Amino acid sequence: MWIGLYLILALSLNLINGCAGMFSLGHQGFWAVGAYGAAALVVKLPFELPGPVMFALSLIVGAICATLAGLIIGVPCLRLRGDYLAVATLGFAEIIRNLLIKFDWLGASRGQRIPPQVLDPQDTAPYHWFYLAVTWFFVLVTVWICRNVIHSSHGRAILAIREDEVAAELLGVNVTRYKLLVFLLGSMLAGLAGALHANFELYIAPPMFTMLPGIMILLMVVLGGTGSMSGTAIAVVVLYSLQQILKLSLFGLPTSAASAIGWPPLEALAKSFELLARERWQAMFAVLLVIVMISMPQGIFGKRELWQTERFRRWAGRLGFRARTARTGA
Amino acid sequence: MTSALLACDALTMRFGGLTAVDDFSLAIQPGELLGLIGPNGAGKTTVFNLITGVYRPTAGSIRLENASIIGRRPYRITASGIARTFQNIRLFGDLTVLDNVRLACHFRVEYGLIDSLVRSGRFRDAEAKIAEKSRRLLELLDLADCENHLARSLPYGEQRRLEIARALATEPKLLLLDEPAAGMNPQEKEQLAQLVSRIRGEFKLAILLIEHDMPFVMRLCEQLTVLDYGKIICRGTPAEVRANPDVIRAYLGGGDAGD
Chain A
1 MWIGLYLILA LSLNLINGCA GMFSLGHQGF WAVGAYGAAA LVVKLPFELP GPVMFALSLI
61 VGAICATLAG LIIGVPCLRL RGDYLAVATL GFAEIIRNLL IKFDWLGASR GQRIPPQVLD
121 PQDTAPYHWF YLAVTWFFVL VTVWICRNVI HSSHGRAILA IREDEVAAEL LGVNVTRYKL
181 LVFLLGSMLA GLAGALHANF ELYIAPPMFT MLPGIMILLM VVLGGTGSMS GTAIAVVVLY
241 SLQQILKLSL FGLPTSAASA IGWPPLEALA KSFELLARER WQAMFAVLLV IVMISMPQGI
301 FGKRELWQTE RFRRWAGRLG FRARTARTGA
Chain V
331 MTSALLACDA LTMRFGGLTA VDDFSLAIQP GELLGLIGPN GAGKTTVFNL ITGVYRPTAG
391 SIRLENASII GRRPYRITAS GIARTFQNIR LFGDLTVLDN VRLACHFRVE YGLIDSLVRS
451 GRFRDAEAKI AEKSRRLLEL LDLADCENHL ARSLPYGEQR RLEIARALAT EPKLLLLDEP
511 AAGMNPQEKE QLAQLVSRIR GEFKLAILLI EHDMPFVMRL CEQLTVLDYG KIICRGTPAE
571 VRANPDVIRA YLGGGDAGD
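Protein chains in written order, with this note's numbering: chain A, 1 to 330; chain V, 331 to 589.
One or more hints might be untrue.
Which bits of chain V does chain A cover? Going by a derived footprint, with three or more residues having C-beta under 8 Å, they are [stated by the list, open to error]:
| no. | region |
| --- | --- |
| 1 | 408-416 |
| 2 | 454-462 |
Here are some of the chain V residues that sit facing chain A, going by a computed Cβ distance under 7 Å [unchecked claim]:
| no. | residue |
| --- | --- |
| 3 | 382 |
| 4 | 400 |
| 5 | 401 |
| 6 | 432 |
| 7 | 436 |
| 8 | 437 |
| 9 | 451 |
Negatives, chain A to chain V, calculated, CB over 10 Å [as the list claims (entries may be wrong)]:
| no. | residue |
| --- | --- |
| 10 | 71 |
| 11 | 99 |
| 12 | 117 |
| 13 | 144 |
| 14 | 152 |
| 15 | 170 |
| 16 | 172 |
| 17 | 175 |
| 18 | 212 |
| 19 | 263 |
| 20 | 276 |
Keep in mind the hints are simulated off the structure, nothing from the lab. Note that the structure is a prediction, hence the values are computed from the model and not measured. Even glycine gets a Cβ: it sits at the ideal position worked out from N, Cα and C.
Just need the whole structure built from these sequences, with the hints factored in.
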């Protein structure tokens with residue numbers, strides 16, 4: 001479930017950061033707007049709707065709210081570049097979060113409960129399977145949107161903006177329009193993820209949308225290679241799993257290994273390492289990020305896709321597949 | 331004057347206290363090949379930036395086919411028929427050679443975002459047409475073999491040619507070439523000169539050329555305009571320009587003019 005949500009978030013951020021080259025740090029803001037938009041609809045709508053209809057409607061409303069937020073932020077901010085854009089988007093996300101903390105209508109800092117619309121959460125298995133299926137359906141939709149947009153003339157215009165804004169404009173690309181378009185598309189998908197999140201967790205609160213998860217999404221994009229969809233997807237799976245493993249104290253493996261050896265100082269060391277992993281897993285992430293940025297400054301795949309890398313082709317060739325050359329291959 | 335493809339009149343560009351282009355006038359007829367020369371810092375590239383809308387002139391007018399283009403956004407100017415190459419090559423380095431050219435067909439594309447999402451028939455037709463046109467251009471410029479290479483990986487001379495191919499893909503009426511021969515050896519320059527004449531014949535377009543290499547310019551252009559410190563100091567055929575004392579002074583130094 002959460003891998004699916006992170007996939008939608010990271011792939012949509014990849015569209016903004018990786019493909020169009022606009023460094024945004026505010027993705028968690030759109031995520032929050034989507035979640036709260038959906039929650040507002042479900043909680044505050046004055047008349048009753050059948051559960052599934054309400055659920056579908058809340059997804060649409062969440063996406064629309066985030067798109068509108070994207071429009072409000074995008075129009076003034078997209079004239080900024082690089083660091084300035086990053087700071088402005090980060091500022092926006094923090095404003096959203098602080099507003100939500102003060103916003104009593106939707107629970108303020110206490111958070112907001114959302115009554116379940118589809119299935120009963122007490123009945124764990126069907127509930128989880130349902131949301132898993134819906135989320136992964138939207139992951140596929142996200143992949144489909146990203147892929148079809150990028151492999152089109154519009155996508156080429158977007159990539160050209162990343163490469164050289166001035167040259168793109170002088171070759172007939174309406175740079176402002178495309179930047180806004182990508183930004184809206186990205187925030188819409190983030191809003192969708194937020195709406196799914198709210199409907200699944202049944203409780204949302206401002207601390208869920210701090211900079212930290214935002215940085216986590218950004219990390220997924222950067223580690224995977226900005227602009228590479230498959231790289232982003234792999235980074236999502238790896239980082240999310242890693243985060244969970246660290247939070248679970250690496251399954252207690254270090255201590256059991258140390259007690260098997262049976263040397264007290266080692267056991268103490270293993271214990272503190274586990275504690276560090278559980279309580280301060282972010283620190284481990286920072287180390288990881290530094291290592292990756294030094295050894296692979298372009299991310300794992302750079303701007304290419306998995307199947308475009310040399311190693312993958314060699315590997316596929318050994319398995320007897322004829323690797324496709326570029327899509328446009330002769 | 332009315333028949334001119336492009337007419338610049340009394341064009342002036344000031345950056346703060348510096349007058350980069352001063353009272354510049356120029357008329358280009360359809361199909362003409364004009365040269366714009368002058369010492370470094372004379373304001374040649376600024377003229378290009380004014381014509382393509384990168385800068386907005388402080389004063390003066392620019393008319394393309396009798397319609398003023400001042401204040402028009404660069405991408406709209408390109409759409410109305412002016413294309414350029416850059417002095418310092420500005421290819422999209424991480425895109426393939428073919429994509430660089432295909433991009434330049436972008437503003438003629440008629441399908442919308444929805445078409446590309448559902449891969450409609452309109453999308454496929456348009457994409458096929460773009461690919462075909464781009465390949466034809468690459469062939470013309472001898473780049474067909476490397477269409478799947480990244481533009482960044484091409485050797486210098488081919489990058490220059492790719493820039494020209496990309497500019498031609500916008501189907502311009504006027505092509506602005508900013509030092510196309512810079513950094514080329516004599517043999518490459520010779521090929522480039524042939525290429526420029528061939529393009530001009532084939533696409534029936536007007537070309538305005540900035541170049542430092544005098545033999546190259548003298549050979550190609552019918553008319554030359556010489557700029558120095560933003561001012562036009564001489565206009566005429568290559569032979570006239572060569573004999574003009576002001577031009578010699580501007581290039582070789584003398585009096586207070588030193589470069």
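Could you work out which of the previously given hints the structure breaks and list their numbers from low to high? 4, 5, 9, 13, 14, 15, 16, 17
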